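Enquirer: Listed below are the residues making up each chain.
There are 2 protein chains.
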Amino acid sequence: MREFYIHSEYDYTINEVKRMYKIIVDAFGGDNSPIANIEGSVDAINKIKDLYIILMGDENIIKEELNKHKYDKSRLEVIHAPSVISCDENPTFATFHKKDSSLMMSLDKLKNDPEVSGLVSLSSTGALLVGGVIKIGKIKGVLRPACCPLLPTMNHEIVAVCDSGANVDCSKEELLQFAVMGSTYLKTAYNIESPRVALLNIGVEEIKGDNLRKETYPLLKESNLINFVGNMESRDLLSGKYDLVVADGFAGNVLIKATEGTSIELLKLLKKTFMSSFKNKLGAALLKSDIYKIKDFMDPNNYAGALLLGLNKIVIKGHGSSNARSVYESIKQAYYLAKNNFIEKLSNDISEIVSQ
Amino acid sequence: MREFYIHSEYDYTINEVKRMYKIIVDAFGGDNSPIANIEGSVDAINKIKDLYIILMGDENIIKEELNKHKYDKSRLEVIHAPSVISCDENPTFATFHKKDSSLMMSLDKLKNDPEVSGLVSLSSTGALLVGGVIKIGKIKGVLRPACCPLLPTMNHEIVAVCDSGANVDCSKEELLQFAVMGSTYLKTAYNIESPRVALLNIGVEEIKGDNLRKETYPLLKESNLINFVGNMESRDLLSGKYDLVVADGFAGNVLIKATEGTSIELLKLLKKTFMSSFKNKLGAALLKSDIYKIKDFMDPNNYAGALLLGLNKIVIKGHGSSNARSVYESIKQAYYLAKNNFIEKLSNDISEIVSQ
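Residue numbers (our numbering), protein chains in the order written: chain A, 1 to 356; chain B, 1 to 356.
Same shape as in the complex, but just chain A:
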């Protein structure tokens, strides 16, 4: 997988640190919370010297867990938030009525503290989006914020899909913004100079698709803010030929869940086959290390969560099933986007579309 190019920077000493990048980590809301969130945070503090983390959630539980770890205590702060928003709660209700939840308190802090750059949360996407728009607000000119997750491709790179479900019933103007915002994201976070942008469609020819796709194609083709390479069929998502796939939230959601679901089902079937006889167990034992490599490389936990594009601050929605590694990857991404002035770059690009 393409790595963040900050790895080499990890070697600097604390004396060289000019400023701290403050990221909030919502300690609750995921399947493995708060342990994974806390371990991921400690790991990030230990690896990134100019990072400052605020862990939001039940103070007693967090502090008890933190006691098990060694880390620089001057760069990790805990703020008490007594309640948690569950995944099945109504996002709008939660935003207005669960003010003392770890997620809403995180969003309030992110809004009110100019020193804080970003938030990582594994909580409900809906609550994060609704709360994010209401509390943090959209970047000027952004029509609708979009959700932009990453998937590993077969050539060990990544591909981003924007939108993946935040916006159903989209317009062509919104799809153009998804393309621009996703491109700015990949340029900033992954140092991809000119991300190859494709439009999700049912055929590669320009004339293919429904009305939305037919209207969007020329808009993407004519934009000088992106590197549009044409239509993509869903079967080519993992081919490594594209960096960013643009879709309305309905089709994007179908695309991602079908791809992930099929991988999971097939790997399960393989596992069952490997265990089904003595001969197979023997064969599987020989293949074990390389099969684990495939499983590992397909594992969403090895990648940062989905960036919510278009909000006034950096907000990353981690996978609900995130482990410590995945939380760490999301924090690293939030930190890196902050350090590279992502919001400023995005604002500039959006104002360029609006002025065109």
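Don't take each hint at face value.
Between beta-carbon pairs, the in silico distance windows are [as the list claims (entries may be wrong)]:
id: 1; chain 1: B; residue 1: Pro218; chain 2: A; residue 2: Ser86; range: 25 to 33 Å
id: 2; chain 1: A; residue 1: Met275; chain 2: B; residue 2: Lys281; range: 17 to 25 Å
id: 3; chain 1: B; residue 1: Asn211; chain 2: A; residue 2: Asn348; range: 30 to 38 Å
id: 4; chain 1: B; residue 1: Arg19; chain 2: A; residue 2: Met275; range: 46 to 54 Å
id: 5; chain 1: B; residue 1: Lys221; chain 2: A; residue 2: Arg325; range: 27 to 35 Å
id: 6; chain 1: B; residue 1: Lys214; chain 2: A; residue 2: Ser171; range: 12 to 20 Å
id: 7; chain 1: A; residue 1: Asn112; chain 2: B; residue 2: Asn227; range: 50 to 58 Å
The set of hints was computed from the structure by calculation and includes no laboratory data.
These numbers come from a predicted model, not from an experiment.
All C-beta atoms in this analysis are idealised placements derived from N, C-alpha and C, irrespective of residue type, glycine included.
Based on these hints, arrange chain B on the given structure of chain A.
Expert: This is chain B only, laid out in the frame that chain A set:
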């Protein structure tokens, strides 16, 4: 996989045959045509005693190939069609201007000969659809014909998706018709008493989705012609929990191609891993037979092609990459649908929706 329940009927003797079921096989248009089409036809003739096949295409080539096989010559006829429609030809142009092609001559024969019940073709879906609607016509009351392919599920059953790409920009009334037509198909061809129908959506809750899904859900829920079981997320397509998934052609196409594409990419990756070292080759050798079983069961060639639902006669679009086995499966399905009065049943069900 669920089998056609006609297998036990194969034992009858020729004396018991009351009438012949005539099916046209377009001998050209697929990647392995005409050899696969001819072998599949001969196989079907040898296995199904009340089947009569008309092979349409270049007479000299077909007869030369037929000479290599043993079969009951009284039940296999060749009609000469000098040209072929390629996949990249404009469907409307092909329909009106390639009248001597194997596909258009097949559709003309299907239209004009009341004794012929169905057609199997591996040619371009577009040309088959446009030509089908213009020449064969729609069943009274059908808004738009739909394409309904089958996929193997993880519990070795099948799942049908309707529509898979014939109709983008659909209405709720069209989606209801897809649900009813698909159900009648599965009842007739696979003896599934009460097919479990799901609506493709981005969440399982009733309130989820875009406007089209929100409008369609109550329509499906209230219909007494189908067994609607709720929304399905794309990740569950292969779960075996559903028999028929209803979608607009755009989303259905994204769903199917993402699912098939991911399987193909993963199996390729596995193959590469198996061959990557001596140790792995040894392990793979032990697992070989069972891995082949998975590959075989995922292979679209083991299943019939996609039924075009809503036309006045049975038309099956075989996979472009069909081998003889796949052609045989498609012929068997066309024959079986004819024998079980599928078009009559479908007309009745459609008139029931229209009268409601």
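Enquirer: A separate judgement is required for each hint: does it hold in the structure or not?
Expert: Okay, the hints, checked on the actual structure:
1. In this structure, Pro218 of chain B and Ser86 of chain A meet the distance hint of 25 to 33 Å, their C-beta atoms being roughly 27 Å apart.
2. Taken as a hint, the range 17 to 25 Å holds for the pair Met275 of chain A and Lys281 of chain B, whose Cβ atoms sit roughly 21 Å apart.
3. For Asn211 of chain B and Asn348 of chain A, the hinted distance range of 30 to 38 Å is satisfied, since their beta carbons lie about 34 Å from each other.
4. Between Arg19 of chain B and Met275 of chain A the CB atoms are about 51 Å apart, so this pair conforms to the stated range of 46 to 54 Å.
5. Roughly 42 Å separates the CB atoms of Lys221 of chain B and Arg325 of chain A, a value that falls outside the hinted 27 to 35 Å.
6. In this structure the supplied range 12 to 20 Å holds for Lys214 of chain B paired with Ser171 of chain A, their Cβ-Cβ distance being about 18 Å.
7. Distance hint check for Asn112 of chain A and Asn227 of chain B: the Cβ-Cβ separation is about 53 Å, which falls inside the suggested range of 50 to 58 Å.
Of the numbered hints listed earlier, the single one contradicted by the structure is hint 5.
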